[in-house]
Amino acid sequence: MNLDGRSIEVIVGSSPSVTFSVHENLICSSSDFFKKAVQGGWKESEDRLVRLESDDPDVFSIYLHWLYYHTLPVRIDEPGLAGNAEYMQLANAFILGDMFQDGNFQDAVMDAMMDKTASEAADGKHWYPVGPVIRLIYENTFESSKARLFLVDMYTLHGQGHWLTEWAVQEDLPKDFLLDVAASLLEHRPHPLSYYLVLGSCRYHQHEPEARACYKNVPALRPKRG
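Going by this note's numbering, the sequence shown opens with residue 1, and the numbers climb by one from there.
It should be emphasised that the hints constitute simulated quantities derived from the structure, not laboratory data.
C-beta: ideal position from N, C-alpha, C; glycine also.
Misleading hints may appear alongside valid ones.
With a Cα cut of at most 27 Å, we get these calculated DSS-like pairs of lysine-lysine [claimed, not checked]:
| id | residue 1 | residue 2 |
| --- | --- | --- |
| 1 | K146 | K35 |
| 2 | K146 | K125 |
| 3 | K146 | K175 |
| 4 | K146 | K36 |
Beta-carbon label-pair distances, calculated as ranges [as the list claims (entries may be wrong)]:
| id | residue 1 | residue 2 | range |
| --- | --- | --- | --- |
| 5 | D111 | E46 | 19 to 27 Å |
| 6 | P209 | H65 | 53 to 61 Å |
| 7 | H65 | G5 | 40 to 48 Å |
| 8 | P174 | G5 | 41 to 49 Å |
| 9 | K224 | L186 | 20 to 28 Å |
Let the sequences and hints guide you as you build the complete structure.
Spelled out as structure tokens, the structure:
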């Protein structure tokens, strides 16, 4: 950890904003964004001040904590809605790391998200990110994002139907996410898959569930075999 040299100020948020002081060498060695801003001949390098008015001070404090302590000050054992709020914190941190061009921080965030999915929450259950977290990640990342890949893999390998039908609202499920999951499920399904053939075509007929209701069991309608 390089704590030599001067510090810079980072003003985060607006109404109200919060001012953070951070060692220049430390943050510039980790973030290409700050390296360019502070050491690239921009106005920020003269003022020794970086403004991030559209960002959240709470999320920036997670980044700053990681810079100095190499840990993330986010609990990963809350169940239910509180647990999804933890995922939201981590998702916002990942997005901030993307803006800061700090891959190591993003990797640490992804590890925390994976740890949360693999760990039992305080109620003894496993909780996974649902609608709002999915929408946040898909609206703020590119198609190649590893955070998107994580969500798709998780829903492909561990997901259940009610995650989408009961735990999420339609507005929180981007079309791109649903398409990615559908493609992944097709890719990972067992081959060959004859589930629909084993059940028989009555599964797709209009008649009542009883087999005797099928037209094929009505002598006058039964298909003739050559």
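Cross-check of the supplied hints:
no.: 1; hint: K146 with K35; result: 24 Å, holds
no.: 2; hint: K146 with K125; result: 25 Å, holds
no.: 3; hint: K146 with K175; result: 18 Å, holds
no.: 4; hint: K146 with K36; result: 24 Å, holds
no.: 5; hint: D111 with E46: 19 to 27 Å; result: 37 Å, violated
no.: 6; hint: P209 with H65: 53 to 61 Å; result: 58 Å, holds
no.: 7; hint: H65 with G5: 40 to 48 Å; result: 21 Å, violated
no.: 8; hint: P174 with G5: 41 to 49 Å; result: 43 Å, holds
no.: 9; hint: K224 with L186: 20 to 28 Å; result: 36 Å, violated
Figure legend: structure checked against the earlier numbered hints; hints not met, in rising order: 5, 7, 9.
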